[in-house]
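Use the sequences and the hints to build the structure in full.
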Amino acid sequence: MRILIVEDSERLAQSLKRGLKKCGFAADAVGDGRQGLSYATKEPYDVIVLDLMLPEMHGLEVLRRLREDGKDTPVIILTALDAVDDRVRGLREGADDYLVKPFSFDELLARIEALNRRRSGQVNPIIEIGDLTIDTAARHVRHGDESVPLNAREYALLLYLASRRGETISRIEIEDHLYGEDNFPMSNAVPSAISTLRARLAAHGVRDVIHTRRGLGYV
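With the first letter of the sequence shown counted as 1, position 198 gets the number 198 in the working numbering; the numbers rise by one all the way through.
In case anyone wonders, no lab produced these hints; they're calculated from the structure.
Derived EDC-like pairs (lysine to aspartate or glutamate); straight-line CA-CA distance at most 16 Å:
hint, residue 1, residue 2
1, Lys101, Glu10
2, Lys42, Asp72
3, Lys22, Glu113
4, Lys21, Glu154
5, Lys42, Asp176
6, Lys21, Asp106
Note that this is a predicted model, so its numbers are computed, not measured.
As structure tokens, then:
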């Protein structure tokens, strides 16, 4: 999953970015509204975390322009403005969720994951592929009754592939969802990550769930 953080507090933005990366997500952070609008219209983000009180352009104006441009990327408003009128206005302008500062990172993470599930049509937090079960709420993977331990990057890769099962996903698409703009992966990063994930799954009896389509990608 690739997430854009539009937040003028560099300390908060970098803290969120680090936390999301630890969870295996790609995250980019910008500090003003104009940059946020530019990034959001040019890059394929899964969720946008948007502050309201931004320099250069107010967060609601960013949101309004995104929706007018036809961008339906889920947006979570993250702000110190907690009056009911502020929340109602944000939601009516096209926000999908609203979180008031100060907040728990775990709650933000849960809301991001819920929005992404809704967007992909995966309302149920459980994804099943044969005997392989991915609990997206608990971030836990099982094969039958056996737990399959994965690190954050491996889990993020498996979840992305599972959420688009049946589709052929290109290397570029996987790079976009696993790496932020400040992490430029080597050309073999995705094949290497796929190989590592396959080996980790195979060690727990899971085989033939990721297939390579030469020259096209993975399915």
